[in-house]
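Those protein sequence lines, which keep their order, are chains A and B. Under the working numbering, the letters of the first sequence match residues 1 to 58, in that order. Under the working numbering, the letters of the second sequence match residues 1 to 548, in that order.
Since the hints were made in silico from the structure, they are not lab data. Wrong hints could be hidden among the right ones.
[Said to hold, decoys possible] With a Cα cut of at most 20 Å, we get these calculated EDC-like pairs of lysine to aspartate or glutamate: (1) B:321 to B:224; (2) B:314 to B:224; (3) B:472 to B:495; (4) B:277 to A:43; (5) B:314 to B:217; (6) B:204 to B:224; (7) B:277 to A:34; (8) B:239 to A:6; (9) B:534 to B:498; (10) B:225 to B:498; (11) B:204 to B:104; (12) B:472 to B:224; (13) B:239 to B:224; (14) B:239 to A:43; (15) B:409 to B:217; (16) B:277 to A:35; (17) B:321 to B:498; (18) B:277 to A:5.
So you can see what is in the structure, the chains are spelled out below.
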Amino acid sequence: MLGIEDPWVVLGYFLCIICTLICLVWGAFKWNVDDTVQEPEEEISHWAEEENRVEAEL
Amino acid sequence: MSIWMMIIVVAYLCVIGYLGFRGFKTTKSATDYMLGGRSVHPYVMAMSYGATFISTSAIVGFGGAAGVFGMGLLWLTVMNIFIGIFIAFWVFGGRTRRMGLRLDAHTFPELLGRRFQSRFIQGAVAIIIFLFIPLYASAVLIGAAKYISSQFSVDYNVALFVFSVIIALYVVMGGIKGVMYTDALQGTIMLFGMTALLIMTYVKMGGVTAAHQSLTDMAALVPEKLQAGGHQGWTSMPKFGAPSWWVLVSTIIMGVGIGVLAQPQLAVRYMTVKSGKELNRAIPIGGVFIMMVTGVAYVVGALSNVHFQQTLGKVSIVAAKGDVEAIIPMYLQSAMPEWFSILFMLTLISAAMSTLSSQFHVMGTSLGRDLVEESMGRKNNGGGVLATRGAVFVGILISVYLSYIIELKFGKTGTSIVARGTAIFFGLCACAFLPMYVGALWSRSITKAGAIAGMLSGSVFSLFWMVFIQEKASSALLLCNRLFGTRSLAIHLVDGKEVFSSMGPIVWAYVDPLMIGLPLSVLMTVAVSCFSKKTAEDHLDRCMGTKS
Numbered sequence: 001m002l003g004i005e006d007p008w009v010v011l012g013y014f015l016c017i018i019c020t021l022i023c024l025v026w027g028a029f030k031w032n033v034d035d036t037v038q039e040p041e042e043e044i045s046h047w048a049e050e051e052n053r054v055e056a057e058l
Numbered sequence: 001m002s003i004w005m006m007i008i009v010v011a012y013l014c015v016i017g018y019l020g021f022r023g024f025k026t027t028k029s030a031t032d033y034m035l036g037g038r039s040v041h042p043y044v045m046a047m048s049y050g051a052t053f054i055s056t057s058a059i060v061g062f063g064g065a066a067g068v069f070g071m072g073l074l075w076l077t078v079m080n081i082f083i084g085i086f087i088a089f090w091v092f093g094g095r096t097r098r099m100g101l102r103l104d105a106h107t108f109p110e111l112l113g114r115r116f117q118s119r120f121i122q123g124a125v126a127i128i129i130f131l132f133i134p135l136y137a138s139a140v141l142i143g144a145a146k147y148i149s150s151q152f153s154v155d156y157n158v159a160l161f162v163f164s165v166i167i168a169l170y171v172v173m174g175g176i177k178g179v180m181y182t183d184a185l186q187g188t189i190m191l192f193g194m195t196a197l198l199i200m201t202y203v204k205m206g207g208v209t210a211a212h213q214s215l216t217d218m219a220a221l222v223p224e225k226l227q228a229g230g231h232q233g234w235t236s237m238p239k240f241g242a243p244s245w246w247v248l249v250s251t252i253i254m255g256v257g258i259g260v261l262a263q264p265q266l267a268v269r270y271m272t273v274k275s276g277k278e279l280n281r282a283i284p285i286g287g288v289f290i291m292m293v294t295g296v297a298y299v300v301g302a303l304s305n306v307h308f309q310q311t312l313g314k315v316s317i318v319a320a321k322g323d324v325e326a327i328i329p330m331y332l333q334s335a336m337p338e339w340f341s342i343l344f345m346l347t348l349i350s351a352a353m354s355t356l357s358s359q360f361h362v363m364g365t366s367l368g369r370d371l372v373e374e375s376m377g378r379k380n381n382g383g384g385v386l387a388t389r390g391a392v393f394v395g396i397l398i399s400v401y402l403s404y405i406i407e408l409k410f411g412k413t414g415t416s417i418v419a420r421g422t423a424i425f426f427g428l429c430a431c432a433f434l435p436m437y438v439g440a441l442w443s444r445s446i447t448k449a450g451a452i453a454g455m456l457s458g459s460v461f462s463l464f465w466m467v468f469i470q471e472k473a474s475s476a477l478l479l480c481n482r483l484f485g486t487r488s489l490a491i492h493l494v495d496g497k498e499v500f501s502s503m504g505p506i507v508w509a510y511v512d513p514l515m516i517g518l519p520l521s522v523l524m525t526v527a528v529s530c531f532s533k534k535t536a537e538d539h540l541d542r543c544m545g546t547k548s
């Protein structure tokens, strides 16, 4: 098929396309879906401040 | 280089400079993005992921490997999309992000160390990363230097030296911070460039089926040495159980495909996104990106055999004089218009820079923050900052030295050095970190002792296998030969002839460490956890977010 003899390689070729399609379909359905568990803002702010310090060191 | 090409190069550098400056002023770090950058478009973010994941290693290294092994490498694209994007973002992303926030963890070693309440784990993970990431960084450097050397017709060592100086300056001048706009532009150009490359290649060879058919018809032209290793043509998988099959399937496809889940620099990315929504949105964009960049590199790498056969009467690896990483640059130079290879060069160099800067970032934080500050407890006397800077500098030096020495020893031997170097690092990360990482995210039963047992057994076994059993690695490392007088303990002499130890189709000297190291690491993690002290429930509640 498609000029390729080995069915394993043909399968790989099509699975590349199929996996990409799965990702696209997933994106279409989940584009605006957020985590069901939300972390408090203070946790995020604290994490972010500490991260700034780590990056400043570099 | 014509005047127009010069103008394109200068214009591109100006745009990158402008975007870099804009990004630096607005979203200079992932943190700023989390804190205030609510307006960053998901496209920008997903492309920035892609540009960091994919570097010269994937395109020049693995594309060149496809020129040798053929289209079977497409299975790596399948693994990259399904495991590296879909599973990674959907399954691992959200949990890692939430746990990172709860434990206030900023690096991969810190996440694991705090989850298992062990400074030893944090320090040991940091040491493993610091010792082995230079191998991966050198794979990226080799890919970039080979491309520059081919485009400008300069010596490889000169290209390596000049590029390393540019990288060092880039890192010193603050380029180590993730600049999303620049990454996104680079990603977009990569996507455009690879799409154009695929279309032009197929059109040039008479269409999809005709191009593949021409490659299939060349099966008889496979060089004798490759045929002896089980190569059956560029549109077929190698013979099951043959050396080529083990390299392609166990080292390249499985090693990189599975190893991507336990990559420290990628796990950190999950922690820096604003919300779970971004992880969901990165899946379709990342999927398309990986498909178009890696998938195209592997198809074109394999099809380059048709081009070189038609123009030079030689297959790619022979046309490249045994230099696997020269295949893609040579193909672009001889088959594509000049404007395209210049555009491609800029893209590859930028891609290498974004990946290298994140690798050096991980090296620096591993040694500075994880080992010196947290694991050794020297937080207040400035030791961490000094160690971080020193680690980046030493990391660059080691990576450049490795790029020089690896090329010197294996450059023209037909070995896919970039692909194998990357695969060794990915495989080692999988054996050492994956069971513990999965346990940290999902299991309340995996204990500190279990995690340590899995990590040590996985990494020690992988190293043992590489040094003493896996023929390609053990021959190169020479230690086995020096100690035991044989290049692998799985090869012995019978009447002066080499005999490979085997069990059915399994020839031990060809098996990648991952195939045994990962199951062993899983087994040790679970077994030791069953018999060791359980983690306190309140700590588990804190990590996993279950309020008791």
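Verification of the hints:
1. Annotation: proposed proximity of residue 321 of chain B to residue 224 of chain B holds, straight-line Cα distance about 15 Å (limit 20 Å).
2. For a cut-off of 20 Å, the pair hint linking residue 314 of chain B to residue 224 of chain B stands: about 13 Å separates their Cα positions.
3. At roughly 23 Å between alpha-carbon atoms, residue 472 of chain B and residue 495 of chain B are farther apart than 20 Å, so this suggested pair is violated.
4. In summary, the hint linking residue 277 of chain B to residue 43 of chain A is supported, as the alpha carbons are separated by about 18 Å, within the 20 Å threshold.
5. Note on residue 314 of chain B and residue 217 of chain B: the hinted pairing holds, with a Cα-Cα distance of about 14 Å set against a maximum of 20 Å.
6. For the suggested pair residue 204 of chain B and residue 224 of chain B, the alpha carbons sit about 28 Å apart, so the restraint of at most 20 Å is broken.
7. As the CA atoms of residue 277 of chain B and residue 34 of chain A are separated by approximately 4 Å, the hinted pair is consistent with the 20 Å bound.
8. With a C-alpha separation of about 11 Å, the suggested pair residue 239 of chain B and residue 6 of chain A falls inside the 20 Å cut-off, and the hint holds.
9. Restraint check for residue 534 of chain B and residue 498 of chain B: not satisfied, since their Cα atoms lie roughly 50 Å apart, outside the 20 Å limit.
10. Only pairs whose Cα atoms come within 20 Å are accepted, and residue 225 of chain B paired with residue 498 of chain B is accepted, the gap being roughly 17 Å.
11. For the hint linking residue 204 of chain B to residue 104 of chain B, the alpha-carbon distance of about 54 Å lies beyond 20 Å, and the restraint is violated.
12. For the hint pairing residue 472 of chain B with residue 224 of chain B, the CA-to-CA distance comes to about 19 Å; that is within 20 Å, so the pair holds.
13. At most 20 Å may separate the alpha-carbon atoms for a hinted pair to count; residue 239 of chain B and residue 224 of chain B meet this at roughly 14 Å.
14. Using a Cα cut-off of 20 Å, the hinted pair residue 239 of chain B and residue 43 of chain A is violated, with the two alpha carbons roughly 54 Å apart.
15. The suggested pairing of residue 409 of chain B with residue 217 of chain B is violated, with an alpha-carbon distance near 34 Å, which exceeds 20 Å.
16. Only pairs whose Cα atoms come within 20 Å are accepted, and residue 277 of chain B paired with residue 35 of chain A is accepted, the gap being roughly 7 Å.
17. Straight-line distance between C-alpha atoms of residue 321 of chain B and residue 498 of chain B comes to about 28 Å, which puts the hinted pair past the 20 Å bound.
18. Annotation: proposed proximity of residue 277 of chain B to residue 5 of chain A is violated, straight-line Cα distance about 42 Å (limit 20 Å).
Hint check: violations occur at hints 3, 6, 9, 11, 14, 15, 17 and 18; the rest are consistent with the structure.
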